[in-house]
Amino acid sequence: MRLNSVTLLALAGMTSLLHAQNEPQIEGQKEYQMNCAACHLVDTPSMGPSLFAIAKNYPAENKAEFIAWAKAPGKKDPALLQMPSMAHVGDEGLAKIHHYTLKATQGIKKEKKKKFPNFKEPKRELPYVVRTFLPNTSPASAAIVLEGDISLCFDSEACRLRYAWTGSKTMLRGFRSPAALPEPYYQETSPQLWSFANETKPESHGYRLVDGVPEFHYSFGDIEIREKIANGPKPGSFVRSFTLSGISSPVTLDLSHIGNVSISSNKGKLKGDTLRLTASEAKSFSLTISQR
Amino acid sequence: MIRSCLALISLSDTSLLAQSWQDHYVIENVPLPVEIDKQIGGMLTLRDGRIAASFYSGEILIFDQTKNEWSLFAQGLQCPLGMVEDPDGAIVTSQWSELTRLRDTDGDGEADVYETVWDDFGISGNYHEFNFGPAVDHEGNYYVALNVASNFAGTFEKVRGPIIPIGLEESVLKGWKDNPDWPTIKKKAGRMYSRVPYRGCVMKISPDGKGTPFAYGFRSPDGIGFDDKGRLWVTDNQGDWRGTSPLYHVTEGNFYGHPASLVWKEGWTQDPLEVPVEQLQSMRTPAAALFPHGELANSPTQPIPTIAPEKFGLPEGEVLIGDMNQPILSRFLADKVGETVQGAFIPFLPFSGLGMGNHRFCFDQSGALWVGKTHLKWAGDEGIRKITWTGKPLFFVEEAELKQSGFKLRLNASLSEALPKITVVKHTYHYHAAYGSPKVNEQEVEVSEVNRSSNGKTLKFKLPEITPGYLYTIKLEGAKATDGSPLMGDTIYYNVVETK
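Protein chains in written order, with full-length UniProt numbering: chain A, 1 to 292; chain B, 1 to 500.
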């Protein structure tokens, strides 16, 4: 992450947020602060439209319509959440809020820009691991962004790599919906990667950064696995380096997948999509996945 | 590394300040690096005195006050909404998918180990399933509050579950986006719902990562923390089953009113939406204190115990609580009646320039209160403020005690012989599935036999009767100390759970 020095811009941005709030004085201000202020600012759009915008729709002669809308709101702007009914405020309270809406916006010529515009993500040093919602994987997953425009999805619930893609332009963070990603160029399709995976539930232990390179740590019963994920020797390739402990018998990996890639292993016998390793070989080996 | 200086922002518009809070407290802005989304999820003073801040955007930054410098400690976390420090210096944070222990093992100032402490709970993909905390007890157990889901959305197709088969069918929940009937059918899910383990529970997690439900019945418990007596406090947000926002004294095995999480009680088979209100009422533990909605709070946040009075000016042993929408902090003064801990809120720093969005707090070693703000695009605010006591004593109520037939208030200095005008209003709230509640049965209560002690430090008065289940709003209009200082916080919101 390249976070540089604080600039005066930051300070200038902050000062405007420090206006002291006034105690309610105008009729309806108290009711506004109680019921409306969380979503409707006076002159700036936020979760909902500003009072300035509302006042334009509901001038003095439209008070009845204002009250009716607040009691049974519809949805005018598809980009915004629908307002909950304010029927509990009562006609009298809503009339006061209407009064305040008109009073507070008197003299305002133009709406201000959004108080909190969308934040622009800074450039990150790579590799970068970020827990986020991704498509076609457990909601407990992480994205690994490598140099050379390679991103991978690690499913922390199943404890396995799911897929790889290029051309990611999203911020890869948030919690509202999975990031929109391009089609993966590599996607694992086997029900289980490891031959021993059917016997016990995987358990994730997290990851560490070894000289900045992520190494995921997980286990199946007594078998502990460390999987390091890094750029490969050629552009468009990545390497998965495995270290296993608790292995006493041969291990098979089902590397069935979709995608135009070549897979090689530095140990064992790879035939088709099946890699067979002796117990000794399985202790430390690596797979290289390269885009063709 | 990020260099910065602490800039004092003058509160120029002092003419607007109704009370002279600025005589007692200085509020400064703490500049943050420009390349960070300044919404705070957690604040923590480390044992070495540095200040850690976690951000919704996934970073943890650490501020060294001796160098005026922010540095990056961790990144790539999903919504880290709290932090504690282990005895060995590791930072433990609660993110969306797990409780994570962060260690800097190579001493370069940045975490290189992101260890999963506990992930044995559900994630449905619903946008409302925040995880709050952790708080930590004296044995090193962590406590995390799991938010329930909102029926403004369903779930993802892939969930970390399982989805419990009580309530709206799983296929309907998962297919909500393509279902034109969702706006009506969602009501069958409940306004806020819990379908994956253990949404709506406060969880206790041992240091080695074994988690069990500790308490049930929460909705949106954004604030969780221990006080200096080892009591666990959790705030929750007004909404369904929450007439107004509560503060709960949480003890093991109890149910705190929002029924969605009852499905995680062992042996529970009923749809929570079908349990009669009377049954829920008899099961629930009432709130210790209530924030009247829109007055003290709309969405209360973290509780933090106060520190030594010579550092911050308030008595030690209180709990301060913030709010997203009201520019006020609330002091909570506990009062024990029998075995029940209940008590009073008193506004602190109202209309002082503090602003809204006061989400997370820590006291630094010099005694200044650091306030981390957030908005999530609601009103709120962003950034960090630092509140320092000027050293000028302030006049306040330091104890609110319920008596058999009235109240006894203890003050930290002598009340003037010219007594304040005391008014008392009581009201209650509905306990129901509907969203929020108006004030119910609001009525003025006659005050009699007002008595100021000879030293002026206690004020007693009688009321004709005390009604359990009512919030008493006591106003001491014009209260002044013998030296003329105004009473800072002249409204006391006492929640009567038990009577004497």
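Quick caveat, the hints were computed from the structure, so don't treat them as lab data. Cβ coordinates follow ideal geometry from the N, Cα and C atoms, glycine included. Warning: the hint list may mix true and false statements.
[As the list claims (entries may be wrong)] Partner residues are not named here, just some residues of chain B that face chain A (Cβ under 7 Å, in silico): (1) Glu-35; (2) Glu-115; (3) Trp-268; (4) Gln-270; (5) Trp-389.
Which of the stated hints cannot be reconciled with the structure, identified by number in ascending sequence? Hints 3, 4, 5 contradicted; others consistent.
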